[in-house]
Amino acid sequence: MTLTEPPATPVVDPVAVEQVRTARRGTFRRRRHVVVGLSLAVFAAFTARVLLGDFTITVPDFFTIVGGGTIPNVPSASFILMEVKLPRAVLAVLCGAAFGVGGAIFQAVLRNPLASPDIVGVSIGASAAAVFAIITLGLAGPVISVWAVCGALVTALAIRIAARGSGPVRGHASSTSSYRLVLFGVVAAAALQSCIQYLFTRADLYDAQLTLRWLTGSVSSADWQTIRILTVLLLATLPFVGWAARTLPIVELGSDAASGLGEQLVKADLMLLLGVVLVAVAVAASGPIAFVAFLSGPVARALNHDRTTIAGSALVGALAVVAGDYVGDYWVPGGNYPVGVVTGAVGAPFLLWLLVRGRSSKEAG
Amino acid sequence: MTATQARPVPPAPTPAARAGLARAVPVMLVILAAACVASVLIGSTTVSWGALLDADSPGHAVAVARWGRTVAAVVVGGALGLAGACLQGLTRNPLADPGLLGINAGAAFAMIVAIAFLGVSELSAFVWFALAGAAITGLLVQLIASRVRGGATPLTLVITGAAVTAALTSWVSAILLIDRQTLEAFRFWSVGTVGGRSVDEVLTVLPILVVGACLAFLSARVLDSLALGDDLSRGLGRHPGRDRAVVWAAVVLLSGGATALAGPIVFVGLVIPHLARTIVGPSYTKVLPLSVGYGAVLTVVSDTIGRVLVPPTEVQVGVMTAVVGAPIFVLLARRSRIGGL
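As you go down the protein sequences, you meet chains A and B in turn.
Last residue of the first sequence? That's 365 in the working numbering, and every number before it is there in order.
Last residue of the second sequence? That's 706 in the working numbering, and every number before it is there in order.
Just so you know, the hints here were simulated from the structure itself, not pulled from any lab data.
No residue lacks a Cβ here, since even glycine has one placed at the ideal position from N, Cα and C.
You can trust all of the hints, since none of them are fake.
Part of the chain B face toward chain A, derived, beta carbon under 7 Å:
1. I509
2. A539
3. V556
4. G683
5. F694
The whole structure should be built from the sequences, with the hints applied where relevant.
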C-alpha cells in the first residue's frame, strides 16, 4: 500500500493534506506495530514451548538436534524435542493461525463477532464428520481432512439456508439474518456435539484423550505427517487469504455499500467458503480448539484500533494456541490438559463479556 | 393405569379450562400408556404379550428390567416438559428450554464437582448439588442476558445459555481428565440416558420433582398473568417479583432433579410446550398438564426408538432428542412471532 503524492494544485489546502496523510500513516504504522509486536510474542511463546517446561533444552542443544546431531549424555533429548515438543509447537502455530484467519473472515463478512465458525457449529461439524469417518468407516490419514472439510461445508450450508429469508426478528432489525445464523448455529453445534458423544459411546476402544481431542481440541498427538498435510493445505490457501485481506475492507461494509462500491456479492460467499476450508483443515489436524476462531478476530481488532486485520488475527490465534498448550501442559496442577480445555475455560467468559458490552448488536465493519 | 403412577396428579382444573382438557387429557393418557407398553415390549429382544404376565418366562425378567427405565423416562420427560413450559412463560421466550439455557449443564457440572472432589457417590446426596448448580446457572444466565443491550430477548438468552454451557463443558472436561473413574461413570451419563435406571433411583428423586410440579401447577394462573407483562400483572393485584421466584424454584427443582436422574437432556422442554399450545391454546392452566404428559411420551418414545435404531448398540435419549429437536427448533424460530410470548 503506497501513498500517492497529492497533486500540487493551489486549491488543495496543504494543512489538510498533511492531516490526512498523518491520519492514514497512523493507521499503517499502528498495523505494523501490531503485527511486529504479535510476531515477537508468538516467537517468544514458541521458544518457551520448545525449550522450557519439564524438560529444558538449551539453545545450542536445540540447533545441534535440529541439525541432525545428538546430545552426548542425554540420548532421549532428540526424541523429546523432535517427536514431542517441536511438532506440538509447530502444529499449534499452524492451527492457531488457520483458526484465527477463518474466524476473522467470518466475523468481518457476517459483521457480527458472534458469527465465528466455532460458535455457529462449523468447527464441530468438521469434527463430527471426522469422528464419523474414523470410528464408523475406519478411515485414517489425509482422507480425514477431506471428511472434515465436507462436514464443515455441509454444516455451514445447512445453517446458511435455514437462516436465510424468513420473518424479521424483533429487536435485531439491523443484523437479522446474521443473528439468526448465530442462533441456528448454536443449536446445530449442540446437536452435533451430542452426535459426537454418541459415536464415542459406540466406539469399542475408548480413549479419553481422543474424545477430548475431537470435542474440545488438542495438539498433544502431533506428528510430522499431520503437520506436512496441514502445511501443504494452508500454503495452497495462502493466495486466497491474501486476496481476502485486500478485499475484506470493502466487503465488511455490508452488502449494500459493497455493491455500491462495485464489488460483487458473490465475493462475500467465496470468503466464507475460504473461512470454512481454513477452519475445517485445522480441525482435521487438531480438533475444534474451543473459542480460538472466535477470540482472535476481536482481540486483533482491539489492538489495531478497531480495524479488522487478517495478519493480526492469524498471529493472535497462533499465540493463543501455543500459550494455551503450554499453560495446559505445565501450569495447571494435575497437568497435561489439552489446549481446548484451557481456551474454552478462558474463552467462554470473554464471550459473555462481549455480549454484556453490547458489541454484538452494533458490531459492524 | 399404572404407568402414570409416578406422575403428579394435576389439581382440578378451573371450569374454563375443563372444556379443552376433558378431551385432551384422556387422549394423552392413552398415548402415554401405549408408549409405556411399547417401551417395555420393544428392544434388542422383543418380549411377547404372554411373557409379560408369565413370571416364569425369560422374557419376563427383560420386561421388568425395562420397566425401570420406562418409569425413569416418564418421570424425566414429564419434569422436563413442565420445566420448559414454566421457563417459556417465565422468560416470555418461546425458545426457552432448561437445556438450551444452560440450566441442565449447571446441574451436571455441580454433580461432577461433587463426585470428583467431595467423594459423593449416592444419588440422594448429589441430587442436592444438581439443584444448587441448576439454580445458580439459571440465575447467572438470566442476569447476564438481561445486561445485554436490548434486554433479554429470545436470541440473547439462548446465546448466553450456549456460552455458559460451553464454559461449563470445558471445566467438566478438565475435571474428568484428572479422574478416570468419574470419567467412566460420566461417559454415558453425560449424553443423557435413562438406560439402567431402577425404580429405586426414580423414587429417590421423585419427592423433589413432585414438589417442583406442585409449585408449577399452583403457578399456572401466575404464568398467565406474567404473560401480560409486569405492569398489567401488578394491576391485577399480583406481585411479579414474588411470582417469578416461585416459578424459578419450580424450574430449578424440576430440571435439576431430572438432570440428576438422567443427565442433561435438551429440547424436550423446548418442543413439548409448543405442541401443547397447538392442542389447547395458550392458557397455562391447560398447557402445563399436557406438557407433563407429552414430555413423558416424547422421552419414552425416543428411548424406545433409540434402542432399536442402530443394533446392537442403543442411541441414548439425549442424542435422539437433540437430533430430532434441532430441526424443530429451526422451524419454531423461523416463525415470525419469535419476538416474545
